[in-house]
Amino acid sequence: MNEIKEYLRDYVLREFLPGESRENLTDDTPLRTSGVLDSIKLLQLIGHIEEKYAISFDAHEAGNVALFDTIEGIANLIAQKR
Amino acid sequence: MADFVTLSNYLEHSAERFPDRPAVVDPSGLTLSYRRFDERANRVAHWLLTQGVQPGDRVGIAIPKGVDSLSAVFGILKAGGAYVPVDFTAPTERNRYIFSNCRVKAAIVDHRTTAIFDAPGEGGHQPSAILVHGGEEAGVGPSTPRHFTASILDQQPTTPPAVAPRGPNDLAYILYTSGSTGLPKGVMLSQENGASYVDWCSEVFHPTAADRFTSHAPFHFDLSILDIYVPIKHGAALYVISEELGKNAAGLGPFIQDNRITCWYSVPSILSLMTQYGKLEQVDCSSLRIVNFAGEVFPVKYLRRLRELWPHVDLYNLSGPTETNVCTYFKVPMAVPPDREEPYPIGKVCSHCESLVIGDDGKPVSPGAEGLLYIAGKPVLQGYWGDAERTERAFGTFNGRRYYNTGDLVRLDDQGDFVFLGRKDRMVKRHGYRIELGEIEAALYKHPGVAEAAAIALAESGGPVTIRAILASKPGVKLGVIVMKQHCAASLPAYMIPDTFTFLDALPLTSTGKVDYQTLKKRVGAS
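As you go down the protein sequences, you meet chains L and X in turn. Take -5 as the starting number for the first sequence in our numbering and just add one per residue. Take 41 as the starting number for the second sequence in our numbering and just add one per residue.
Hints were generated in silico from the structure; no laboratory data involved. Cβ coordinates follow ideal geometry from the N, Cα and C atoms, glycine included. Check the hints yourself; a few may be wrong.
Claimed, not checked - Facing chain L, a subset of chain X residues (Cβ under 7 angstroms, in silico):
1) Ala289
2) His471
3) Ser513
4) Val517
5) Val521
6) Ile522
7) Lys525
8) Gln526
9) Cys528
10) Ala529
Claimed, not checked - Listed next, the in silico BS3-like pairs over lysine-lysine satisfying Cα-Cα at most 25 angstroms (straight line):
11) Lys486(X) x Lys518(X)
12) Lys75(L) x Lys319(X)
13) Lys46(L) x Lys341(X)
14) Lys562(X) x Lys46(L)
15) Lys418(X) x Lys403(X)
16) Lys486(X) x Lys554(X)
17) Lys562(X) x Lys464(X)
18) Lys486(X) x Lys418(X)
Model the full structure from these sequences, guided by the hints.
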């Protein structure tokens, strides 16, 4: 679980938050509601996660802002699906 | 004048010709036949009339896409009004500004967007009636005598409302786009502006009642004009893609397959992501005959992939500002050469538009020379709401005829296609949305820790445009990327939030003391 979180943190920092300090992106930093991820970036993140972990999300899950709003939430979803 | 077919006439005519054919398929799966859809729109119109909506009045829409918002669009037009759709996920204050700027007489919202009217807008404006969808399910009842629950529509007649016929010059809708001064500006489009474009689509895409169109773009975005009116005019079925599904690249291929979609229209970003993550090779999209894209440059490597995946489809790049909607189009060839890297041209001028390319001397250039693209004809906007000066600046007169200055720098190539070369002003397009960098800077300056702010746009070798913010903070303040993104999200819609933030001690200035954007582009682009 921690491994997934750290992987996600690296990916989000690298792709969407260049220049931000690692400690500022916590497990519960809101991603969708804070403007870190717009819908296109969320699509990219979901696509990447599906490929990396060989899982798939249905439309309902992907569109649910609450499920994808934090690193903690996304990691939980991935852990459930693996 | 009597023969003019209005946008809402499309629905009425199709309801007569194809009463039992499916008109709208809601994301929930609910399907309305043309007869039922027309009746539902009539009910909205009757309610608006009982609330005193007069011809020409503006009516706001702030609800997700679906049967309710489409009924609102047609109901408002049937009542003689003009609809003003907004991004229901945008900051409340921004939507409050938009609705009060054009002084909406009434508004159609849901329980999530009622807050727009919790406080008065510009000049103390408040609409006189607010229809709230979904409030009953959410346990939210009418909060003032001006609020009505949507169930009140069930009491309205299903018959056509008695309203004097609309003419070509009557206002039909206002689309607000980013404004350089920090506030969104309202582009006023008439019945004829919309209808002339819809007619052009009929000519080029040959829609029939057997077609199945998608609606991917939100209604405040000009792609929605084709999405809404072309299928309804021809008695085709309109499949509304929910905001949720629209964000799921892996879900869109199966959506096309399962619904046997024939005509698709979206921004290239979505199609690019579908080619990367949509597993399109595993779904059967053979029903597709036309795929249109607009709003930004389609990176050639993804366009090539799409061409390979869907060899049977006609791919069109449509291009144009909200002020004219689509004014040029380009049909992508059957094969995209493997070594091609530069984006395709924006193409030829549509038959309902006239074009001129104007050089620095204010005169038409010789064929092939660089200049600004000007457009005249039926689709050209009426003006900007409440801003005669801006309207005046947007036009030029040549040979006694008024042309709209698109601001796009173009040249004509050997094939007679326009090639897009860039912009001279600070407007950029990203994910199909038009963004004035000045509006982003105005938002950045609102942060108390910001001393200096600049926003620039960079496009990496045919790739998508990225917005970069460069900030210098006030002494003793340490700004972070997440903090600044959160700050922007409070006043800007998601598509305008900068992709990256760079923090400098001070911004580079030119000799005249202005921000030196060229130096900034080099520094940020190189980092």
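Hints, one by one, checked against the model:
{"no.": "1", "hint": "Ala289", "in the structure": "5 angstroms, holds"}
{"no.": "2", "hint": "His471", "in the structure": "5 angstroms, holds"}
{"no.": "3", "hint": "Ser513", "in the structure": "13 angstroms, violated"}
{"no.": "4", "hint": "Val517", "in the structure": "15 angstroms, violated"}
{"no.": "5", "hint": "Val521", "in the structure": "4 angstroms, holds"}
{"no.": "6", "hint": "Ile522", "in the structure": "5 angstroms, holds"}
{"no.": "7", "hint": "Lys525", "in the structure": "4 angstroms, holds"}
{"no.": "8", "hint": "Gln526", "in the structure": "4 angstroms, holds"}
{"no.": "9", "hint": "Cys528", "in the structure": "6 angstroms, holds"}
{"no.": "10", "hint": "Ala529", "in the structure": "3 angstroms, holds"}
{"no.": "11", "hint": "Lys486(X) x Lys518(X)", "in the structure": "16 angstroms, holds"}
{"no.": "12", "hint": "Lys75(L) x Lys319(X)", "in the structure": "19 angstroms, holds"}
{"no.": "13", "hint": "Lys46(L) x Lys341(X)", "in the structure": "22 angstroms, holds"}
{"no.": "14", "hint": "Lys562(X) x Lys46(L)", "in the structure": "34 angstroms, violated"}
{"no.": "15", "hint": "Lys418(X) x Lys403(X)", "in the structure": "23 angstroms, holds"}
{"no.": "16", "hint": "Lys486(X) x Lys554(X)", "in the structure": "19 angstroms, holds"}
{"no.": "17", "hint": "Lys562(X) x Lys464(X)", "in the structure": "18 angstroms, holds"}
{"no.": "18", "hint": "Lys486(X) x Lys418(X)", "in the structure": "40 angstroms, violated"}
In this structure, the earlier hints numbered 3, 4, 14, 18 are contradicted, and the remaining ones agree with it.
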